[in-house]
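Asks: Here is what each chain is made of, one letter per residue.
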Amino acid sequence: MSALTDLGIAEAAAGLAKRDFSAVELARAHIAAVAGARALNAFIVETPDAALAAAAESDKRRQDGRSLGVLDGIPLAIKDLFCTEGVQTTAGSRILKGFVPAYESTVTRNLKRAGAAMIGKTNLDEFAMGSSNITSAFGPVKNPWGPPLGRAGNKELVPGGSSGGSAAAIAAGLALGATGTDTGGSIRQPASFCGIVGLKPTYGRCSRFGIVAFASSLDQAGPMTRNVKDAALMLGAMAGHDPRDSTSAPIPCPDFARAAIAPVKGLRVGIPKEYRIEGMSSEIDALWRKGEQWLREQGAEVVEVSLPHTRYALPTYYIVAPAEASSNLARYDGVRFGLRVPGETLDDMYMNTRAAGFGPEVRRRILIGTYVLSAGYYDAYYLKAQKVRALIARDFRDAFATVDAILAPTAPSPAFAIGEKTEDPIAMYLNDVFTVPASLAGLPAMSVPAGLSAGGLPLGLQIIGRAFDEETVLRAGAAIERAAGFDTRPSRLVPAKAGKGDR
Amino acid sequence: MGAWRIQGESGEWEAVIGLEVHAQVISASKLFSGASAVFGAEPNTQVSLVDAGFPGMLPVLNEYCVEQAVRTGLGLKAKINLTSVFERKNYFYADLPAGYQISQYKYPLVGEGTVILDMPDGSTRPIGIERLHVEQDAGKSLHDQDPKRTFIDLNRSGVALMEIVSRPDLRTPEEAGIYLRKLRSILRYLGTCDGNMEEGSMRCDVNVSVRKPGEPLRTRAEIKNVNSVRFVMQAIEHEARRQVRAYEEGGKVVQETRLYDSHKGETRPMRAKEFAHDYRYFPDPDLLPLRLSPEYVDVIAATLPELPDEKKDRFMRDYGLSPYDAGVLVVERETADYFERAARGGEGVGRGGRDAKQVANWVISTLFGLLNAKGLPVTRSPVSADHLGKLVDLIADGTISGRIAKDVFEIMGETGRDPADIVAAKGLQQITDTGAIEAAVNQVIAANPDKAAEVRAGKVALLGWFTGQVMKATGGKANPAAVNAILKKKLSG
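If you read the sequences in order, they're chains B and Y. Using our numbering, the first residue of the first sequence is number 1, and each one after it goes up by one. Using our numbering, the first residue of the second sequence is number 1, and each one after it goes up by one.
Because the hints were derived from the structure by calculation, they are not lab data. Please note that the accuracy of each hint is not assured.
To be verified - Simulated pairs of lysine to aspartate or glutamate, EDC-like, Cα-Cα distance not exceeding 20 Å:
hint, chain 1, residue 1, chain 2, residue 2
1, Y, Lys-148, Y, Asp-95
2, Y, Lys-477, Y, Asp-433
3, Y, Lys-140, Y, Glu-42
4, Y, Lys-89, B, Glu-344
5, Y, Lys-224, Y, Glu-20
6, Y, Lys-148, B, Asp-347
7, Y, Lys-451, Y, Asp-433
8, B, Lys-290, B, Glu-301
9, B, Lys-421, B, Asp-404
10, Y, Lys-106, Y, Glu-199
11, Y, Lys-106, B, Asp-379
12, Y, Lys-224, Y, Asp-261
13, Y, Lys-140, Y, Asp-121
14, Y, Lys-148, B, Glu-85
15, Y, Lys-224, Y, Glu-256
16, Y, Lys-148, B, Glu-344
17, Y, Lys-357, Y, Glu-295
18, Y, Lys-89, B, Asp-347
19, B, Lys-265, B, Glu-85
20, Y, Lys-89, Y, Glu-42
21, Y, Lys-140, B, Asp-347
Said to hold, decoys possible - Okay, the calculated beta carbon distance ranges per label pair:
hint, chain 1, residue 1, chain 2, residue 2, range
22, B, Arg-113, Y, Thr-45, 41 to 49 Å
23, Y, Arg-5, B, Ala-375, 54 to 62 Å
24, Y, Thr-45, B, Leu-367, 31 to 39 Å
25, B, Arg-113, Y, Tyr-296, 44 to 52 Å
26, Y, Arg-181, B, Arg-397, 32 to 40 Å
Heads up, the beta-carbon is just placed ideally off N, CA and C, and yes, glycines get one too.
All chains, please: the whole structure from these sequences, using the hints.
Replies: If you want it as structure tokens, here you go:
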């Protein structure tokens, strides 16, 4: 059965179509894999019954010749930031522990309507705030790429974040695809750390309805898969205009999967010189240059471009995102749902509930956000950040006047050990240095696994495209994928090594 | 009217008043959700997940509410801003589910406008409107249901409000009252707010400061949530006097939020916790800036009804009414419609050309009395406009006297019958037959020879007494003019 968990979505769909196996068999294989990999802590909730029921329905449809398409019967993992009807949704926070929504997010509804079988809700940084999955109230997720070979102490590694559970699940063969959300890199960075493909679509491409909000002007759902084509297939099912999200774009979705197989000959790809930051590790730099070369070899034209405001992106992001978060998280007050810790007065109840319900990173960002919006500081921080944000977006527009896509590293390093960087929030925030500019500009960007670090850990390259031009991003990403020939299976195979005996 | 001055020990003071009116938009559903916005339902039965601030819920703007607000802006002769922005006003309260209210701040939908006050002396006075913005209402905290706990009703949460902010152009409690009534009248004409202060669909925050006439503005206090026109006027009076006392006692007025206690007849400061200091406004990232096309606004402008000011002008021009009468008649659109139908004659009545001044008198002095006594709105008047018009006709053509008409009207009020039928059935037609009147006159003179002699001797004042006696003898039906003429002839010799 283990072969079933090694498939991609397209391959599995082909197998289902040819009746090589049934959707129920496919679901069972993944349910077993999930159960066998609990040590990774990738899931907060497993939903085997719902997955089997959905798979059985899928088999029946296929028998009746009414297959819903390529995702019909495909087991997917859902980041626990998406509200799922009747299934606990926590956002990785104590404050939402036990919260069972009576409604379904648009993205997961779209996937379910396409026949997908949800096998569980994946772990994440609390309210998607983090780059390590360490801030989850449900414990950290472990990277299936495991303790680096030859490193003393055999420390477990982070999967990245915030969509770390989803990334770990895909890398470990626990699902064929997963949903993630990306606010400042939360899809791309864990994809890079876990050696999978992660695509953040254009802001507005996927509906935010039913996704627990972190920073509303940045949050965007996207697919996390083992290959570029699967990302295209999944995006096609997730995306689309939704009248329930006023920021969702009323733009029709093209055939993303078709775009993913188009050659890059003649494509103009930009290398932003400002991304070559001081102190950049030589292996990241080398990988980046290799990426340039792969694209050139396939007929793309690679040129240097300038994104002059890049160095302001990180501070801008860490003003805008906490500002919005401080407001978005005000609703967790113990009054209507989630955790309530009583108090003598209403204010006491607020303070008790929020102190007990939010972890330190969430509290830190609420404080930062409250500060930058407060009277007397608004102009100096929030307003200025909005102006810089507009300049960053303009940088990209200018660059895209001459190039079709931009190539950059996804993260400044491979996965680090759990416990590293936790003392220094700034060091942690630096993880997002290559991902936040595209987030601030609302542009589509994808991380594609491109190689291994000296320590044998995956490294991703990032393709950034024009707004609503996921097609070019997929096209360039597929070219990197072809050239890199990356084997997305972790060198340490999860079920065998992450089992109980391992610890 | 004369300027209202507070007589202090140090001389005269005047009040400077600005009003912020929260007017609930008439709309089937809420500003950002599909839940019903109708008043009076069982608690928490009209609450969508958006209104309750559930995780992942997003606001979607109700376009009808925007249309209503634009209509209101046009009715206030105000500038419509084609781009406006919804912002979040952040504060924690148990009846504010999201922890923020979606409102407009820097970029309101409607800019500067005007409300014309109709003063009791018939003059007018323009009051500036600073802005109108659209926002959502909070829920309701019920503190009186349980000794220890507070209950929350979210039916109102998310209902659309228009906040209409006046310039500090008002000077007296009376002007504030007239302003509120005029604003309410305009909103009702437009059909954008029912103006019902008891149900809370119109609420008022009052900004008051005082100064010596001619001085620049001094510090103001804001009195929150005053819920009737009367209370607004009282609150201003109390607050202005309080401030004068404060200054004259050597103290000062601090900029603060106060509450009006109508039982004690005083304003008092709100506890610091009852309002937030820093709302941390920022543009709501869940909503795009609201952009309207000039054509969109033009279409709404083209369908605007005739508003009280225009109607008043027309009533003065076309019907020759006094500014006061016209002003009174146009306060409610329904009253104005009633008057016009009665004055012009509706379909099937076909007389037209009535003495509009007479009709106005009947409506203002007699019909209003009847409606008041019965507690009925004009739309449910037992006396229809057509019947009132007929009644005026019956007077005009001499069928009945004005005195009899009052009796007929009373019967109409009780029965809703046609005045002609009442007159016919009760035989109330005026006696114009001079023979019959002469007989009655002769009878009265014969019965009172002494008084007749006095009149003949020059005591003309007694003539009126004779008229009364003849009218009495004829059951009021004699034409008073004819009676007078015959009496004069008989007693002048």
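Asks: Sort out whether Asp-347/B lies within 20 Å of Lys-140/Y, counting only the CA atoms.
Replies: holds (17 Å)
Asks: Hey, Lys-224/Y versus Glu-256/Y, does the alpha-carbon distance stay inside 20 Å?
Replies: Holds - the C-alpha atoms of Glu-256/Y and Lys-224/Y are around 10 Å apart, at most 20 Å.
Asks: Starting from Lys-224/Y, check that the Cα of Glu-20/Y is at most 20 Å away, please.
Replies: Within the cut-off at roughly 9 Å; holds.
Asks: Does Lys-357/Y pair with Glu-295/Y here, judged by a C-alpha cut-off of 20 Å?
Replies: violated (41 Å)
Asks: Is Lys-140/Y close enough to Asp-121/Y, meaning Cα to Cα at most 20 Å?
Replies: Between Lys-140/Y and Asp-121/Y the Cα gap is close to 41 Å, so the pair fails against 20 Å, i.e. violated.
Asks: Taking the beta carbons of Thr-45/Y and Leu-367/B, is their distance inside 31 to 39 Å?
Replies: The hint (31 to 39 Å, Cβ to Cβ) holds, given that Thr-45/Y and Leu-367/B are roughly 38 Å apart.
Asks: Under the criterion that the straight-line Cα-Cα distance not exceed 20 Å, is the pair Lys-106/Y, Asp-379/B satisfied?
Replies: With a Cα-Cα distance of about 13 Å, the restraint between Lys-106/Y and Asp-379/B holds, given a limit of 20 Å.
Asks: Per the hint of 32 to 40 Å, is the separation of the Cβ atoms of Arg-181/Y and Arg-397/B within bounds?
Replies: Given range 32 to 40 Å: violated, Cβ gap about 54 Å.
Asks: So the hint says 44 to 52 Å: do the beta-carbon atoms of Arg-113/B and Tyr-296/Y match that?
Replies: violated (35 Å)
Asks: Return holds or violated for the Cβ distance of Arg-5/Y and Ala-375/B against the range 54 to 62 Å.
Replies: violated (37 Å)
Asks: Can the restraint linking Lys-421/B and Asp-404/B be considered satisfied, given a maximum Cα separation of 20 Å?
Replies: violated (36 Å)
Asks: Quickly compare the C-alpha distance for Lys-89/Y and Glu-344/B to 20 Å and report which way the hint goes.
Replies: violated (26 Å)
When held up to the earlier numbered hints, the structure conflicts with 4, 7, 9, 10, 13, 14, 17, 19, 20, 22, 23, 25 and 26 and fits the remainder.
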